[in-house]
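So the protein sequences, as listed, match chains F and H.
With positions in the first sequence counted from 1, the corresponding number in the working numbering is that position plus 21.
With positions in the second sequence counted from 1, the corresponding number in the working numbering is that position plus 171.
FYI, nobody ran anything at the bench for these hints, they're computed from the structure.
Hints may contain errors.
No farther apart than 30 Å at their CA atoms in a straight line, the calculated lysine-lysine pairs in the DSBU-like style are these [what the hints assert, rightly or not]:
id : chain 1 : residue 1 : chain 2 : residue 2
1  : H       : K239      : F       : K124
2  : F       : K124      : H       : K265
3  : H       : K240      : F       : K63
4  : H       : K240      : F       : K124
No experiment lies behind these values; they were computed from the predicted model shown.
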Amino acid sequence: EPEVTQTPSHQVTQMGQEVILRCVPISNHLYFYWYRQILGQKVEFLVSFYNNEISEKSEIFDDQFSVERPDGSNFTLKIRSTKLEDSAMYFCASRDDRGRNEKLFFGSGTQLSVL
Amino acid sequence: AQSVTQLGSHVSVSEGALVLLRCNYSSSVPPYLFWYVQYPNQGLQLLLKYTSAATLVKGINGFEAEFKKSETSFHLTKPSAHMSDAAEYFCAVKETGANNLFFGTGTRLTVIP
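Required output: the full structure, derived from the provided sequences and hints.
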């Protein structure tokens, strides 16, 4: 089965530093997502992306966050100035746009630790 | 507003025993409902989904879930637990026409030999 790939699997950074989390969605998918999971809490929606623009974002996704699809394959999440509370597992997901396929395919996540 | 509530953050069962993981949802329109599983150090994997067809949905690895509108529930069951079922299980809801999923807090399933 095709996979969503995320790199790196673990990222450690200092507070205030910029980080970029990378994702390669499944090649024929059109919708892309970022979710995060703070330890012990629920998986939270951050942002969805379609047709080269943000289609929806949550309250968490403030000005410190941005997403980009710099080429035909990568989908990145950038946090400009990390805070301690940004420490979480970040999941990328994608789905196609055919019919009523509601299935999201998730990557294995990037564990971000902000020190 | 759409949300899901998973009762019990931890569930322990003996190997071979029935698995029951509870999920209740709230949604203003007919929802799509999902169960995802997260094995250690892996991403979220879809177990099964309800999309307004049959109310009893069969998924992978012997799991199934029944959509009960009167109870606003979508509990996940498996007749006989296996050691390999130990994982975190997430219930999620998506409203028709919406673009993203809303997850519950997850239930960690432990299987005791």
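Structure-based check of each hint:
1. Taken as a hint, the K239 of chain H and K124 of chain F pair is honoured in the structure, with Cα atoms around 21 Å apart against an allowance of 30 Å.
2. Between the alpha carbons of K124 of chain F and K265 of chain H the distance comes to roughly 11 Å, so the proposed pair stays at or under 30 Å and holds.
3. For a cut-off of 30 Å, the pair hint linking K240 of chain H to K63 of chain F stands: about 24 Å separates their Cα positions.
4. A threshold of 30 Å between alpha carbons decides the hint, and for K240 of chain H with K124 of chain F the separation of about 22 Å falls inside it, so the pair holds.
When the structure is compared with the earlier hints, no violation turns up for any of them.
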